[in-house]
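Chemist: Each chain, written out:
There are 2 protein chains.
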Amino acid sequence: MDLSALETPCLVLDRGKLEKNIASINQRMATLGVNLRPHGKTAKNIDIVKMALDGQPGDITVSTLKEADYYFSHGIIDMVYAVGVAPVKLDHIAGLIKKGANITILLDSIEQAKFAAAKAQEHGLTLPVLIEIDCDGHRSGVTLDDPLLVEIGRLLHRENGVTLEGVLTHAGGSYQCQSVDEIRAIAETERHTAVACSEVLRQNGLPCPIVSVGSTPTANFAEDLAGVTEVRAGVYMFYDLVMAGLGVCKENDIAISVLTSVIGHQKRKNWVITDAGWMALSRDRGTASQKVDQGYGTVWTLKGDPLEDLIVSATNQEHGIISDRSGGALAWDSFAIGSMVRILPNHACATAAMYDRYYVTDGSTEITDVWHRVNGW
Amino acid sequence: MDLSALETPCLVLDRGKLEKNIASINQRMATLGVNLRPHGKTAKNIDIVKMALDGQPGDITVSTLKEADYYFSHGIIDMVYAVGVAPVKLDHIAGLIKKGANITILLDSIEQAKFAAAKAQEHGLTLPVLIEIDCDGHRSGVTLDDPLLVEIGRLLHRENGVTLEGVLTHAGGSYQCQSVDEIRAIAETERHTAVACSEVLRQNGLPCPIVSVGSTPTANFAEDLAGVTEVRAGVYMFYDLVMAGLGVCKENDIAISVLTSVIGHQKRKNWVITDAGWMALSRDRGTASQKVDQGYGTVWTLKGDPLEDLIVSATNQEHGIISDRSGGALAWDSFAIGSMVRILPNHACATAAMYDRYYVTDGSTEITDVWHRVNGW
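Chains as they are written, first to last, in this note's numbering: chain A, 1017 to 1393; chain B, 1017 to 1393.
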């Protein structure tokens, strides 16, 4: 079946680009001598995550327990649930562990550690725990200078039902960098902070076998990962316009795009109207703060060739407006009513989340597979 | 079951507020003497749409063919598919009509009209068609002064396979109003433009039985709907912070909220960290351009009482940051780790779209129903 026969909007995945992106990061991690723990939050699909694991049984990262259930049902055993644990989710996690999953949880407070220990004791099992470290002030975690780090470590080491496995940090600030040099600097801060925290724990007689860091930008530009035991990243599988704007990838590396039909012309305004609105593209405007604002996405032909200077400049729920950056006239013949174009996403995680499946191609417009996604919680 | 036992994030629907919002708009339409054709794009759920139809067999509006399939499978026959039709969807629409649905399509070009006529002839059926009118320049449609209106009308009237049913417009610009007076003015422009277009068609010997207008703001503030045969609206069922900012509803009328767990404290920054990030709240920042920017949403207690001045000031994929507008200290005792709060949505359509179900309450924290949603395409 050809892409042009699909009802629009829908999500297209270029398998060749996906494979290239995966191979590239795997090569990088091998050179740096560190394990990659792919994050399943972007793809939310087992076929893709298996490719990322490159045939190994593999350990992954998840952002929801729905992902954990799904990946476990497809044979993935070892998962870090990399969002600070909410007490109400501990029974669910215990249930997965009883079925044979190895779920490591994350926390940054004495309260969470106590909840986890109590719940694990109630279930008669042991919960592996990582302490979340704040390396760049952008969200959660304990800072290197905070005595809470050792307090939580001691509690986890002492209490029954929990084991202190190590530390985890995420340089989320890397998404706001303005240059590759800034990303390199943040990567080193991410590494250094996590390793320093692991040393503080060890100096206090506490174990810290795992030192986990990661984000797609820092994974791409870290120059040294000494002391780090694993890197987590997810967006690299697809990449997106935010990553291209950061210099982490080229626009041509982006593996997913939204296929959309031209449903109208507003010639007085130089607008092409499509059926991919914000419901199809997501409301993400991550490039708005970058050097080049890509609107709601750049525009490619059905076959996958870039249409220079065209962006989705506005959206409604089920309508997108394509226009030229400069406001100039469009080549109307290229946008016949009923013809199709593809929109590249600002943020792969956000755009993909609007879909329940990928239409996989081999780079042509022929659909070779349909892969499903596990959305929600 | 109580809300506090749910795994977060999840979507809560207050049935009492829903019923009140529906009753209020129904009363308004009755007073104005016009039919309401509820839009199923916000709720995407049959239980809610049946309430909106108030026990009548009822006609509705849809924004996707997936909604059309779903609502038809639950007994709704008459639907306006209010997005300019993409030719690739005509077979699907024909299939629904063959099964007994009455789907009216929308278009604003000669090309679409020809595609529709050809496809209907191929299937041996008749497609009812509305011509989309542009009343405020914000998106699609033919303007009142454009000779294309009559050209499309003539083609639809002449060709086999299609019938000209009338005109449809949507004052999408009403969402950007700065005052109720502006909304009143736009409502009159919406009405006047649609009616004037219907008169142009009739003056040219063409039929125009349907004159369809609507948006939630204009439905709430139109003072006269003379010449209009039906009003479409959907957001009014739930309302949201954008509508509250417009003066269309009170924040207390908002019927949906996202339930989230407190998973961390960043006391140095006066941040509460929750597990409702942009995946749970959507990326919609519709209040950013209003008088009061509500961030990613306002904060209510688990029981449904407002926490004044608190907003979700930032989000990541699975993390939300609650802070005080003024940057002031938080009452940490109200945000114990593991406790729950509710976040009110900027845009009901966008936030609800992140969920596959509603947890319905009667206003307390007791869950009385679970209603499913039909997302995607």
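Derived from the structure by calculation, the hints contain no laboratory data. It cannot be assumed that every hint is accurate.
[What the hints assert, rightly or not] Lysine-lysine pairs mimicking BS3-like chemistry, simulated, CA-CA at most 27 Å apart: (1) Lys1319(A) with Lys1307(B); (2) Lys1285(B) with Lys1266(B); (3) Lys1114(B) with Lys1036(B); (4) Lys1066(A) with Lys1130(A); (5) Lys1266(B) with Lys1319(B); (6) Lys1285(A) with Lys1130(B); (7) Lys1130(A) with Lys1082(B); (8) Lys1130(B) with Lys1130(A).
Chemist: Verify the proposed pairing of Lys1285(A) with Lys1130(B), using a straight-line Cα cut of 27 Å.
Modeler: The hint holds at about 24 Å.
Chemist: Given the proposed pairing of Lys1130(A) with Lys1082(B), does the C-alpha separation stay at or below 27 Å?
Modeler: 46 Å, violated
Chemist: Does Lys1114(B) pair with Lys1036(B) here, judged by a C-alpha cut-off of 27 Å?
Modeler: With Cα atoms ~37 Å apart, Lys1114(B) and Lys1036(B) exceed 27 Å; violated.
Chemist: Holds or violated: are the alpha carbons of Lys1319(A) and Lys1307(B) at most 27 Å from each other?
Modeler: It is violated: about 44 Å lies between the C-alpha atoms, which goes past 27 Å.
Chemist: Hinted pair, alpha-carbon criterion (27 Å max): Lys1130(B), Lys1130(A). Please report holds or violated.
Modeler: Violated: Lys1130(B) and Lys1130(A) sit about 68 Å apart, past 27 Å.
Chemist: Given the proposed pairing of Lys1266(B) with Lys1319(B), does the C-alpha separation stay at or below 27 Å?
Modeler: Measuring from Cα to Cα gives roughly 18 Å; hence the hint holds.
Chemist: Can the restraint linking Lys1285(B) and Lys1266(B) be considered satisfied, given a maximum Cα separation of 27 Å?
Modeler: 31 Å, violated
Chemist: Within 27 Å, alpha carbon to alpha carbon, are Lys1066(A) and Lys1130(A)?
Modeler: 35 Å, violated
Checked against the numbered hints above, the structure violates hints 1, 2, 3, 4, 7, 8; every other hint is satisfied.
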